[in-house]
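Asks: Model the placement of chain B on the given structure of chain A, informed by the hints.
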Amino acid sequence: MSGSWKTYNPGTHYDELITTAKKPRTLAKHLVKLMQGLTTEEVSARRAAADLTIREMGVSFTVYSEGHNIDRAWPFDIIPRVISAREWRKVKQGLIQRSRALNLFIDDIYNRQKILADGLLPADIVLDSPNYKPQCKGISPRYKTWAHICGSDLVRNADGKFYVLEDNLRVPSGVSYMLENREITKRVLPELFENYSILPVSDYPSHLHSTLASLSPREQNRPSIVVLTPGIYNSAYFEHAFLAQSMGAELVEGSDLFVDEDDCVYMRTVDGPQRVDVIYRRIDDDYLDPEVFNESSKLGVPGIMRAWKAKNVAIANAPGAGIADDKVIYAYVPEMIRYYLKEKPLIASVETYLCLEEKNREYVLANLDKLVVKPANESGGYGLMVGPHASKAKRAEFAKLIEADPRNYIAQPTLSLSTAPTYIDDKVEPRHLDLRPFILQGKDAWVTPGGLTRVAMQKGSLVVNSSQGGGSKDTWIVEDSQ
Amino acid sequence: MTMLSRVADRLFWTARYLERAEDTARLTDAYTHMMMDIPKESAPGWDILVKILAAEPAYESNYRTYNEQNVLKFLIADLDNAGSVCHAVKAARENVRTTRDVLPQEAWELVNELYLYTQEFAEQSIGRRNRYQFLEEVIGRCREINGLLVSTLSRDHTYRFLQIGRLLERADMTTRIIDVGAAALLGEDRQPSLHKGTVDPLIWASLLRSLSAVGAYRREYGPSVEAKCMVDFVFRDANLPRSVKYCLNDIRTELLPLKNNKPALKLVDQARRSLSRFDPQTSSREELHRFIDKFQLKLMHLNATIDEQWLFQNNDD
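Residue numbers (our numbering), protein chains in the order written: chain A, 3 to 484; chain B, 856 to 1172.
Next up, chain A with everything else stripped away, as it sits in the complex:
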């Protein structure tokens, strides 16, 4: 096993653990030394222990295309990713700043639309977006906060700097895997925790709980909080159950709730109806309320928008928050930070070419082999083209798509995503990864120390989404003074 650590070569990419001189980074020294010291048998035994833990915990991920209810264990790599706490503090400030600006933007769009009047971004980009929900006009939730839970995807480029690749403001998932990954590492590599002071992640549910509680419309010691799930066949159902349980909240499905004539939301219990204060919903806007959105939805609660508008219930994330999640609007976030906060962006965005602008479109079409093209409103890595890896036919197909619907496409330079040593069969090989921290915003703001590191398990692949066969790693934020 130690042999392949010696020949490990991340090439020109930034590697999270190993420098270009093929030495472990300062904070990774203990880790790499321990891993190098393990025999092939010991590594297999620990990987087997991790797999067993995952199986027993029932960590599973249902992929839509496999039909309903088929479990697939979420692939986990036992080598943790190490990030310095000093570096992380800066990232954290950048993420909080970004989240504040995004929330002020959403609140502005559904109210005065000052930013449009001032011409900072074209009104039709915002108002024609499928994520703009006119049903939310005139509402301003508590603290002017719409996206209470935000999962932003970060990548580290060849220059070693973190960039925000996208912001997920609708129903970001993955946080339970972050928590379980740490539990698995504690069981599988317990000796490492002696040499490192690693920031804990296990208090996420209590921070989520206080964020949600701070939204309650009634002044109560213990507001009634529920997690609204589409049900067992949703790919993230496991996470919904996990979060409800760890917050001591009820896990409800749409049919468990109803809105009474007083425009309040109630849940059906064995003791009769019980009032609900805060709904952490994990279903999309379109399915939330058949009276207002998709009328054939069986997942939602008829009348829930009425109750929300009457401020009888808080909904997190607020309906309509997805307007800032649009990949076209993403291009304007640095502007928003300057506009709303009068601050300089603390964390970089990736340069983005909007295909709806003619000059950009021409550039994109001429450089398809160098760019990543993304549809503006898909998540989960669906419908995406990585130019340098795409066939000629695929590039031609995307050229057509872009010309037919330029509003729906953006392009970005192909970033050189950082790598980290990952066990593939019995060998250690570099694999690309990203990082999804979670930003909570209620009365106060809070960011997970680290987040969920996703790994593209295919050699050379840049697609890390779990729905596309990605895996994950435990992520450590480690104090530098050791």
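Derived by calculation from the structure, the hints in this document are not laboratory data.
Please read these numbers as outputs of a predicted model, since none were measured by experiment.
Mixed in with the good hints there might be a few duds.
[What the hints assert, rightly or not] Simulated pairs of lysine to any residue, SDA-like, Cα-Cα distance not exceeding 20 Å:
1. 1114(B) <-> 275(A)
2. 92(A) <-> 351(A)
3. 945(B) <-> 235(A)
4. 361(A) <-> 409(A)
5. 188(A) <-> 964(B)
6. 906(B) <-> 924(B)
7. 445(A) <-> 212(A)
8. 945(B) <-> 59(A)
9. 116(A) <-> 134(A)
10. 188(A) <-> 960(B)
11. 1114(B) <-> 277(A)
12. 945(B) <-> 234(A)
13. 31(A) <-> 196(A)
14. 928(B) <-> 972(B)
15. 1114(B) <-> 274(A)
16. 945(B) <-> 57(A)
17. 1117(B) <-> 274(A)
18. 945(B) <-> 233(A)
19. 906(B) <-> 1151(B)
20. 300(A) <-> 953(B)
21. 396(A) <-> 364(A)
22. 311(A) <-> 136(A)
Replies: The following block gives chain B in isolation, referenced to the frame of chain A:
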């Protein structure tokens, strides 16, 4: 505390299915042992196991003859049979999967492990060679899950609906186990046998064993197992945790703290009265069999009332 009706429903069925898996395993195990003790020409058929579970239609749509191999496949591994060990475990797991948030974390892990175990070993455990070990393992794991729940859950609605489901299933299964004896011996009455009189106690003793009640019975009635005493014991003993009376008493206790419990309590009390009026000592096997049929209807009625009162989701209220 809050208990969603939907969650109560799933807890109720989790417990029913787990109890069904365990009881089917116990019954199958005891019956196999009994068949090995009884001389071939006097042995009752394997069809009795299917009849007792009122599963003939499901059985006959998939199997032509009632031989050991078929019946055991049906009872252990057949996913089309709602009473099979595998189906019951799978259904329990589906219910736990959606109630993980109110159960101790280990509950999901244990039920999931039980599910993975039955998935892997059921098919190869139909034959006599592996059957015993498989059934023992299932029974043991069910005991472990029950032990976890009993020793960790707060005595709140979660515990209550699990208990009610478990006790209702258990009462039902205990009556069915007695019915095995009655049915096996009814058949024997019709055809005179050389071994009459020696077979009878073997059957009752094996049924008693399936209820883990041999020791308790001996302390009460002595070493030889007599039909009428045995029936009396497992129907009406107030201290035996698998007796019908005990189950009904405990259901009553669990119903008491629930709101709107009058209709359900009324049915429990009716069932308890009819149980105390029935005297196994003076009843014929025909009468016993007819009593059990009627009694099972009462339990079904009770189930329907519980369902309607607490578990059913009325969209208009």
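Asks: Would the pair residue 1114(B) and residue 274(A) pass a check requiring their Cα atoms to be no farther apart than 20 Å?
Replies: holds (9 Å)
Asks: Compare the distance between the alpha carbons of residue 928(B) and residue 972(B) with 20 Å, and conclude whether the hinted pair is satisfied.
Replies: holds (16 Å)
Asks: Take the C-alpha atoms of residue 1114(B) and residue 275(A), compute the straight-line distance between them, and say whether it is at most 20 Å.
Replies: holds (13 Å)
Asks: Taking 20 Å as the top limit, are the C-alpha atoms of residue 945(B) and residue 233(A) close enough?
Replies: OK: residue 945(B) and residue 233(A) at ~18 Å, within 20 Å.
Asks: So if I understand the rule, the pair passes when the alpha-carbon distance is 20 Å or less; does residue 188(A) with residue 964(B) pass?
Replies: Given pair residue 188(A), residue 964(B) holds - Cα atoms ~18 Å apart, limit 20 Å.
Asks: For the pair supplied as a hint, residue 906(B) and residue 1151(B), confirm whether the alpha-carbon distance does not exceed 20 Å.
Replies: holds (14 Å)
Asks: For a C-alpha distance cap of 20 Å, please report whether residue 906(B) and residue 924(B) respect it.
Replies: Judged against 20 Å, a Cα distance of about 16 Å means the pair holds.
Asks: Taken at face value, is the distance from the CA of residue 274(A) to the CA of residue 1117(B) at most 20 Å?
Replies: Holds, at roughly 16 Å.
Asks: Within a Cα-Cα threshold of 20 Å, do residue 945(B) and residue 59(A) meet the stated pairing?
Replies: holds (17 Å)
Asks: Is the straight-line distance between the alpha-carbon of residue 445(A) and that of residue 212(A) 20 Å or less?
Replies: The hint holds at about 9 Å.
Asks: Next pair to validate is residue 945(B) with residue 235(A); report whether the Cα-Cα distance is within 20 Å.
Replies: Given that 20 Å is the threshold and the Cα spacing comes to 16 Å, the pair holds.
Asks: Is the straight-line distance between the alpha-carbon of residue 92(A) and that of residue 351(A) 20 Å or less?
Replies: Holds, at about 15 Å.
Checked against the numbered hints above, the structure breaks none of them.
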